[in-house]
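Q: This is what each chain is made of:
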Amino acid sequence: MIPLPFYLVIAAALFCVGLYGALARRNAIAILIGIELMLNAVNLNLVAFWRYIKPASPTMDLAGQVFALFVVTLAAAEAAIGLALVIAIYRSRDTVNVEDVDLMKW
Amino acid sequence: MSTPLVLTYVGFLIMAAVAICGGLIAVSARNLIRAALGLILSFVGVAGLYFVLEAEFIAVVQILVYVGAISILVLFAVMLTRGLMRRDLSAQNSQWIAALVVALVLFSALLLVATGTNWKVAETKIAGDLIPKLGEQLMTTYLLPFEAVSLLLLAALVGAIVIARE
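Quick note, the sequences are listed as chains A and B, same order. Numbering of the first sequence is given in my numbering, commencing with residue 1 and proceeding in unit increments. Numbering of the second sequence is given in my numbering, commencing with residue 1 and proceeding in unit increments.
The set of hints was computed from the structure by calculation and includes no laboratory data. Hints are supplied without guarantee of correctness; some may be wrong.
Stated by the list, open to error - Chain A side only, calculated, beta carbon under 7 Å to chain B, not exhaustive:
id, residue
1, ALA30
2, VAL42
3, VAL101
To be verified - Take a look, some chain B residues computed to stay more than 10 Å from chain A by CB distance:
id, residue
4, PRO4
5, GLU54
6, GLY128
Even glycine gets a Cβ: it sits at the ideal position worked out from N, Cα and C.
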């Protein structure tokens with residue numbers, strides 16, 4: 001089997017790429033893309049740990065996969081709400097640049 | 001399932017490269033359509049890694065939900081808000097160097113943890129078909145979170161319609 005750290009390093013790289021995207025981009029949709037990449041990296045970690053490390057109790061032997069499924073569902077909900085917010089902001093303020101959306105800043 | 005180890009490594013390396021390259025395109029492309037396509041590439045790479053990990057169900061869910069639904073949602077949002085970014089404005093904001101430093105520092109820390117920790121790895125073979133077991137556990141052990149997540153999806157669905165409509 002491929003050593004577990006290989007997967008962890010790939011997931012870490014993917015997470016950091018997503019983090020950079022979420023922190024450095026101007027466009028709100030690009031920020032959401034970065035967040036999706038980060039969620040994917042976390043899921044990859046969960047499935048890798050499920051495959052390589054045995055849980056203490058045998059009834060929890062699919063916990064990693066179940067957790068990954070829930071994360072996928074939450075990511076879908078997050079994407080739908082996030083993109084709806086972006087479209088709502090675009091309608092009212094004619095911009096998707098997060099630096100122009102400073103209503104709550106003083 | 002007795003795939004030769006070399007083939008497993010080749011599949012792993014190809015899929016890992018696809019995932020990382022897709023991610024790099026997604027965060028660096030100026031054109032948002034290109035960024036969304038890079039995101040799809042990255043999702044496909046991660047799905048391939050799930051196949052290498054023998055988590056076929058998660059891999060198929062990944063392709064269905066991420067590649068089939070979330071990417072299309074992102075593409076729709078890009079097209080609905082198109083042509084807004086001023087051409088002279090760079091795609092990155094003024095703090096991109098700090099963001100790069102934060103990402104690199106976090107990556108090196110994670111690298112140290114991932115390679116330095118003594119993981120208690122168990123060499124386990126996957127016994128038989130896991131998908132019926134997964135479905136059974138979702139309906140017994142994980143019934144409460146399962147129902148909660150269905151409620152959450154309903155709330156997100158209604159919320160997204162309310163927020164996005166005029």
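Q: For every hint, state whether the structure bears it out.
A: Verification of the supplied hints:
| no. | hint | result |
| --- | --- | --- |
| 1 | ALA30 | holds, 6 Å |
| 2 | VAL42 | violated, 11 Å |
| 3 | VAL101 | violated, 12 Å |
| 4 | PRO4 | holds, 12 Å |
| 5 | GLU54 | violated, 7 Å |
| 6 | GLY128 | holds, 12 Å |
Checked against the numbered hints given earlier, the structure breaks hints 2, 3 and 5 and satisfies all the rest.
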